[in-house]
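Protein chains in written order, with this note's numbering: chain H, -14 to 313; chain P, 1133 to 1431; chain D, 2 to 337.
It cannot be assumed that every hint is accurate.
Below, in silico cross-link-like pairs of lysine-lysine (DSSO-like), each with a Cα-Cα straight-line distance of 27 Å or less [unchecked claim]:
1) H:K96 - H:K75
2) D:K241 - P:K1159
3) D:K241 - H:K75
Don't read these hints as lab results, they were simulated from the structure.
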Amino acid sequence: MAKQAPGVRIDGLTVVYKTPAGELPAVRDVTLTLEPGTITGIVGESGSGKSTMALSLLNAVQPPGRIAAGSVEIDGLGDVVGLRGEELRKARGKHIGYVFQAAQNSLNPLKTVGKQLLDLGRSHGVDDLRGLVREAKELLGRMGLDGARVLDSHQHELSGGMRQRVGIMLALVLNAHLVVLDEPTTALDMITQANILKIVREVHAERGLTTLVITHDIGVVAEVADRLAVMYGGRLVEQGPTRHVLGAPRHPYTRGLIRAIPRLVGDIAEAQALPGRPPTLATVPKEGCVFRERCPLRMDVCDTVDPEAHADGARAVACHAVTVKEHA
Amino acid sequence: MSVLLESSSTSAAMRRNFWRGVWRVMKRKPSRLVGAVLMAGFVFMGAFGPMFYPDQLPRDPGQITRPPSWEHWLGTDDQGRDVIALVVTGSRYVLLAALVTAVITVVVGTGIGLFSGFKRGRWDTVLMRLTDMKLTIPGLPLLLVLSTVWKFSSAVQMGLVLGLLSWGGVARAVRSQTLSLRERGFIEAARGLGLSTSHIVGKELLPSMAPYIAMNMLIAITGGVYSQVGLFFLGVLPYESNNWGQMLNTAVFRSGALTVPSALGFLLGPLLAILLLTLAIVLVVDAMDEIFNPRLREE
Amino acid sequence: MVVIARRLAGHLARGVVMILVVATISFFIVRSIPGDPIAAHTQKLIEQGMAPEAAEQATRVLYGFQATGSLWEQYGDYVAGLLTFDLGQSVTHAGAPVTEVLGEAAKWTVLPVLAGTLLSFLVGIILGVYAAVKRSGKLGDVLAVSGSLLHGVPQYVLGLLLSAIFATLIPILPGDGPVDILYEPGFNAGYIGSLAEHAVLPVATYTLAAYGGWVLAMKSSVVTVLGDDFILAAELRGMKRSIVFRYIARNAILPLFTILALSLGLLLGGAVFIERIFNYPGLGLLLIESITMRDYALMGGAFLLITVSIIVANILADLFYSVIDPRVRSGEEVSA
């Protein structure tokens, strides 16, 4: 294969949404690198800005939102934020595959999967449509489906797990090497979830991809991701190798998240829910740390100064309390 | 006591908020204010308009079927009467009948729709089949056929018949609203709290549907005006008092307004009245939609 | 296909019931007309010197049911007549069978109504898409308000205005009758040209009366589809704009077919006014004339045929819908 897994460098990315109360940031000053050939997981509650982040990778933030600052450099494409029109359209699908949440209907209900596959091929100037269909069948077969039958089906004839595999097929069939999966397992039953995650892992390795998984489920990340980034209130609060972050979380929010997971063994009461509620676009504090309202380690400085991300080897944390402790 | 005071003050605040919302919606699109003013004008015209004119409108034998002039802004009819005076005096019959139509349409339609959506099951099936049938039979031809049997002599009688023939749409809409409230667990929750059926319907369901019903009532008024003016226009009904439909009929079929331009003013009078009334109601319904529909308000 | 066949069977059964209901209504209305015109007619024939049996027979032929016997016997007779398409005779058409008179009139109603429906559908859909895309702009507002206004205004107001403007004030189009009597009926340029010229105003009225509804329906349908996930998905897969547009259009038009029947019914009902205004010899004009001239058999027939047309339109629209929507085709219940 000619193409290599691309690296992605997100730098200072800020996305704002236009509201009656002015432009409010959904993603603020996020810097993150996706190393070629890795799986990165972004975890956050709903409203943390993780989906907006994912859309930014395709420069596809929907109005009334817009990318206000920052850049998204993708190897072989350049800065996606600067792409417009046809250039941008061709990059989508061909270089970057996007897989929708399974519960969302990402297929045209009136057309068979096969016809939509052909539409996709024609959109990207694929000459060998037969080859495309063959490739699609192979991918579907690889994921345990009867390719010919699926291509001849309408969306309503497929189950959630099947739709999700079709989504993955459509994201990969044009040979994209950067894949974004937005909540790939939400609304699927446990067994199907496990299946899909296994497929993601295997396909990632076989095809040599760079993969970004967006989820609210920390278990999903633990399962597949090499690196983990935690988002809260539009900010990236902690990132690092998955095992390190999960094993020794530093940011109080990450700690709270992990403590909230019920264990199979032991007392269910040990699982503690995080107190308070995640902020919405309108309630995110304008200055200071976004997490302070729910933070057990809150200090005076948190009210006024937004903590910067402090790198420590492969890890980075944005928290005053953590930085103070390290320096003390 | 303090609790009572508190609740009354919050409801007063809510009312204040409501009027502020109304004002904002009106200000955002001033055309809606025009609609409200026009509507007030029609109400005034129907209620008090005829008082400004003598019972027998003055006839001017030298001015028969004239085009618009300074003296008669919309011209005169075939008996030398002023067209504007005719429109104003004729409005009472038309608007009264339309009001009766609308009230009956809404009361019957809401009743059947609520009952059907609330009870579901066999009653629902039967009532909705009935409603479907009613909606399939074309209203106006049915009215025409009925006119051979019934003579709609008074405005109230006319409104009654029209109302009894036009509740189908409202029944359908109210039923689907009831069902959607039920789907949201509304009714089950109220049941779970041990509330009686009459309480659920009267205090919970109806108020949440009230704006919707009010909009339907306004639309039913226009429907009532159209049907009766249409019936009189076609000339299948005998008439006693003058009204817009009868004016149209005389203008077109007796004064030849569609062949002689001089009778155009005579034709235009009632047409303008109908157009303005429609415009008023479309604008007011549009405003109400935005006031009561939070989904639209946010945009 | 089994699903469609089952749907069709259900429709037909309901249609037959509806026709029976309407026939019953028109029968009982005719029977309850003050002065009992049927008995009066028999009486008149007897007074004119006809033998009682012959007079009864003549009345039976005229109205499609016998004049004697109980109401229920008469009703049974009438329904039996319906089954053999015997609706009686028209007094005002020299005793011609009602079905024949209706058949002659039907074409003058059906063709303009169909033309108006198609035209308004096309224009309304295009403007509706436009209104949806530009919904926050001034023009979108204008389209939406004018749409609801035209949708609201009764058809006779539109007809009268069009006639007043284009046939009286600036007389460029004929507004009286279906064709000039100068021309020999047949396949010649003069006759067909005259037919077309005379059809302009009625068809324009039908179009204007229905197009507002289409604009509104299409606008809200497009807005709904634009918010659907699969449109964003198609864009994120880098589909061409033209293909995305086709996805939007097809999905947005689909629900409109459920309104098609409603619109046809509205226009067929409104034919009464438009044919009266433009003196067009269709079913509507026939209905009014039969009422004013007390031709009761014809009145019942015209009313029945207008309703039957609406029922047929309903069935056709639903069948069409189920053919083009794969979800209905495979028997899944679509909640829309």
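Structure versus earlier hints, numbers of those that do not hold, lowest first: 2
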